[in-house]
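2 protein chains.
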Amino acid sequence: MRYFEDIQIGDEQSFGKYSITEEEIIDFGKKFDPQPFHTDKEKAKTSAIGTLIASGWHTCAIFMRLFVDEYLDGGNGMPSPGVDNISWLKPVKPGDTLSVRVTVSSIRRSKSKPNRGIIKNFCEVINQNHETVLTMYTNGFVPVKNPVNITK
Amino acid sequence: MRYFEDIQIGDEQSFGKYSITEEEIIDFGKKFDPQPFHTDKEKAKTSAIGTLIASGWHTCAIFMRLFVDEYLDGGNGMPSPGVDNISWLKPVKPGDTLSVRVTVSSIRRSKSKPNRGIIKNFCEVINQNHETVLTMYTNGFVPVKNPVNITK
Numbered sequence: 133m134r135y136f137e138d139i140q141i142g143d144e145q146s147f148g149k150y151s152i153t154e155e156e157i158i159d160f161g162k163k164f165d166p167q168p169f170h171t172d173k174e175k176a177k178t179s180a181i182g183t184l185i186a187s188g189w190h191t192c193a194i195f196m197r198l199f200v201d202e203y204l205d206g207g208n209g210m211p212s213p214g215v216d217n218i219s220w221l222k223p224v225k226p227g228d229t230l231s232v233r234v235t236v237s238s239i240r241r242s243k244s245k246p247n248r249g250i251i252k253n254f255c256e257v258i259n260q261n262h263e264t265v266l267t268m269y270t271n272g273f274v275p276v277k278n279p280v281n282i283t284k
Numbered sequence: 133m134r135y136f137e138d139i140q141i142g143d144e145q146s147f148g149k150y151s152i153t154e155e156e157i158i159d160f161g162k163k164f165d166p167q168p169f170h171t172d173k174e175k176a177k178t179s180a181i182g183t184l185i186a187s188g189w190h191t192c193a194i195f196m197r198l199f200v201d202e203y204l205d206g207g208n209g210m211p212s213p214g215v216d217n218i219s220w221l222k223p224v225k226p227g228d229t230l231s232v233r234v235t236v237s238s239i240r241r242s243k244s245k246p247n248r249g250i251i252k253n254f255c256e257v258i259n260q261n262h263e264t265v266l267t268m269y270t271n272g273f274v275p276v277k278n279p280v281n282i283t284k
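Line by line, the protein sequences give chains D and R.
The numbering of the first sequence is our numbering, which starts it at 133 and goes up by one.
The numbering of the second sequence is our numbering, which starts it at 133 and goes up by one.
Check the hints yourself; a few may be wrong.
Identical chains blur together in the list; that is why a pair holds if it fits in one copy or across any two.
As the list claims (entries may be wrong) - Calculated lysine-lysine pairs in the DSSO-like style (CA-CA distance at most 27 Å, straight line):
1) 222 with 149
2) 173 with 163
3) 149 with 163
4) 149 with 252
I should point out that these hints are in silico values taken from the structure, not numbers from a laboratory.
Only a predicted model underlies this, so the values are computations on that prediction, with no experimental measurement involved.
Generate the whole structure from the sequences, applying the supplied hints.
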């Protein structure tokens, strides 16, 4: 469990390895984002990108899986209030291997709930060619270890 | 197909009906957001919300499905560059029925690519009790019908 007291602005962590398959891209696309460039290999050839690409929401979901597994260690029990400035910078293609880098952008104590901190992380999803395919700022809460003694 | 010339700031459209099941919430959670309040009915009882809730990314994905089906009419061939200010305002629970309201927030001609417009939509996901569970601003492109004659 990661606590408010242990976190500093600028803290950076890189983790995760997720290889995305064509089958998975098409499956997610058919379920949630049925645009031809996410669901149909042939039709995708005549699209703007010229090939099958993952739904941007699929990339977000893969980010979340890696974030929960490797950063939140299964979760800290506090759902996120939201996310800012998602940029889908480069297409994610079948066979790509994605990893994540998280940098603490801001952290402060909650005024209304003294047992939690409010954290903003700058999150990047990076492919096997070291290209950043997605950036966003996630907002979240972290538990405070010692709500009484805290000085930060 | 929706063209740049047909769109005005403030245009509003409501559509869609998506009922979310417990099975689906758990399935998405196990795949992409394995925090106990998304994956385990029993453990969710002792969580902050006190019940199983959908992953926020699942709500985004359901929004996208309704948006593609009913607003984009299967897609316009132009992947989105990103999304701003996602706020997960209320939990989405098993049995909820979600619909979408989209309001054009801004629209302008692309300077670099005269055959497209750049549109920002304020998007809301609303449950069966008329509560807004998610808001965000999506960024997208729309094709220009007459790139030469345009006056807007």
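Numbers of unmet hints, in rising order: none
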